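Student: Following the hints, complete the assembly by docking chain B onto the known chain A.
So the sequence lines, in the order shown, correspond to chains A and B.
Every letter in the first sequence is one number past the one before it in the numbering used here, and letter 18, counting from 1, is 18.
Every letter in the second sequence is one number past the one before it in the numbering used here, and letter 131, counting from 1, is 1131.
Calculated from the structure, these hints are not laboratory results.
Please read all numbers here as calculations on a predicted model, not as lab measurements.
Yeah, the Cβ is synthetic: ideal placement off N, Cα and C, and Gly gets one too.
Computed spacing ranges between beta-carbons, pair by pair:
no. : chain 1 : residue 1 : chain 2 : residue 2 : range
1   : B       : I1010     : A       : G147      : 45 to 55 Å
2   : B       : R1166     : A       : S218      : 46 to 56 Å
3   : A       : A101      : B       : I1099     : 46 to 56 Å
4   : B       : R1166     : A       : R167      : 27 to 37 Å
5   : B       : A1092     : A       : H207      : 51 to 61 Å
6   : A       : H4        : B       : R1166     : 34 to 44 Å
7   : B       : L1165     : A       : G147      : 27 to 37 Å
8   : A       : G107      : B       : A1225     : 54 to 64 Å
9   : A       : V230      : B       : D1163     : 48 to 58 Å
10  : B       : R1144     : A       : G147      : 27 to 37 Å
11  : A       : D26       : B       : K1250     : 45 to 55 Å
12  : B       : G1008     : A       : R167      : 51 to 61 Å
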Amino acid sequence: MTVHLRDVWRGFSGRRVLDGISLDFDPGEFVALIGRSGSGKSTLLRAMAGLDDDVEGDGTIIVPDNRSVLFQDSRLLPWDTVLHNVTLGLRTPDAEQRGRAALADVGLAGREDAWPNALSGGEQQRAALARSLVRQPALLLADEPFGALDALTRIRMHELLFRLMERHRPTVLLVTHDVEEALVLADRALVMEQGAIILDQTIDLPHPRRKSDGRFESLRDQLLDALGVVIHA
Amino acid sequence: MPRGLPPGGILLGPATLIFVWQVASMTGFLSPKILAAPSTAAITAFDMLRSGVLINHLLASAERAYLGLGIGVVLGVVFALIAGLSRAGEAAVDGIVQIKRAIPTLALIPLGILWLGIGDAMKVALIAISVFIPVYINTHAGLRGIDLRYVELARTVGLGPADFLRRIAIPGALPGFFTGLRLAVTTCWTSLVVLEQINTTNGIGYLMNRARDYGQTDIMVVGLAVYAILGLVSDTVVRLLERRALSYRKVLGA
Chain A
1 MTVHLRDVWR GFSGRRVLDG ISLDFDPGEF VALIGRSGSG KSTLLRAMAG LDDDVEGDGT
61 IIVPDNRSVL FQDSRLLPWD TVLHNVTLGL RTPDAEQRGR AALADVGLAG REDAWPNALS
121 GGEQQRAALA RSLVRQPALL LADEPFGALD ALTRIRMHEL LFRLMERHRP TVLLVTHDVE
181 EALVLADRAL VMEQGAIILD QTIDLPHPRR KSDGRFESLR DQLLDALGVV IHA
Chain B
1001 MPRGLPPGGI LLGPATLIFV WQVASMTGFL SPKILAAPST AAITAFDMLR SGVLINHLLA
1061 SAERAYLGLG IGVVLGVVFA LIAGLSRAGE AAVDGIVQIK RAIPTLALIP LGILWLGIGD
1121 AMKVALIAIS VFIPVYINTH AGLRGIDLRY VELARTVGLG PADFLRRIAI PGALPGFFTG
1181 LRLAVTTCWT SLVVLEQINT TNGIGYLMNR ARDYGQTDIM VVGLAVYAIL GLVSDTVVRL
1241 LERRALSYRK VLGA
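Here chain A stands alone, though its shape is the one from the complex (with noise of 0.2 Å):
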């Protein structure tokens, strides 16, 4: 078990955003966190990330310490290069070539010097997916990474991400809005409302998996309901 979680809870000014949140992860499990936005899985996230110590909170989180965190922004210090970018805080004699390797594997061979003002938003948040990986997390947090991208560089990512995912083997919390975007990465979904973990769901559909799957569908269909949204056949 590389994540452990007994009755987490958080609030903000008397209010209840994590309520007693209680889960455990398996190493190399990738786990998918749905939900609407203020039903508290950023804040779920943050907890485990440990970037949450001004807010109001009990409970245990048992985490890794080695843990990467890829912001919904690529988060990239626009007066560094992109491959200090990725090699920043990493203190081993072979951080540079660690980092030329990792953002070979994100496709940015040949854009180690550039500054990150001149890549684009799909190539910004590479380089923060090599800056992430580049460190072989044990946990990789990833809060809504492809969320401010356009439909067709997200299915890109999507991509990218299963097959570094695949090689380098840490523990996932995707937190994302998106359903098939879960259903397509993930071995398991949480659903999240109001604070609580309402649904867990295991996705054991083969890769690659196609939307037009029947399966697939119907996982589908079961954690919108989860949701709450009304489904129209």
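Tutor: What follows is chain B alone, placed relative to chain A:
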């Protein structure tokens, strides 16, 4: 907004001014007792350059100005970092600086003389103080303006305090620092004009004061021209440094 000027277009105004001034002097409209003709001033400048007088005064002034500038910039940056990176530092430093900001540096001359005498130590100290303020204010504002998302990023990648300073705080505050530095390079000369009226036997300020005693308007014009050139050159140098250090900004919006 007017369109950008063609290269050298900005010189049209000054050139016209000098031309009108020269004509006014030659026609006797402008007496040399009021203001020397540009041509007279140019000849005086040439003579002073050839005899080495101008260079000696210039070096004396530059030494005071740039020593004060150097000390003021270093102190401004150090205190901005102290105030910008810790709450205790902010509490200790920022209030005092804001009060000092309200007091004109030249109003400190009497105290400066009392403490440091009328020599160069007092002059350099007051220049340093006058330079300290814009450097501190703008660098501090730059630090405070650093996106908190980068601070969060620093935590997620486990950046230590030294690396945080080097990779995020300093580069993030650099645009503010350069704004302060550009103000500072002009401020150091401005303060000098007044300070060189006190017990000096060299420097551009001294030169102009003595010229006043003898009614030598040509030397006064030379002094003013020297200040103008120094100010413009300093500003250009800082701009070049800024453009190199902030070259990543050129691709904004690319």
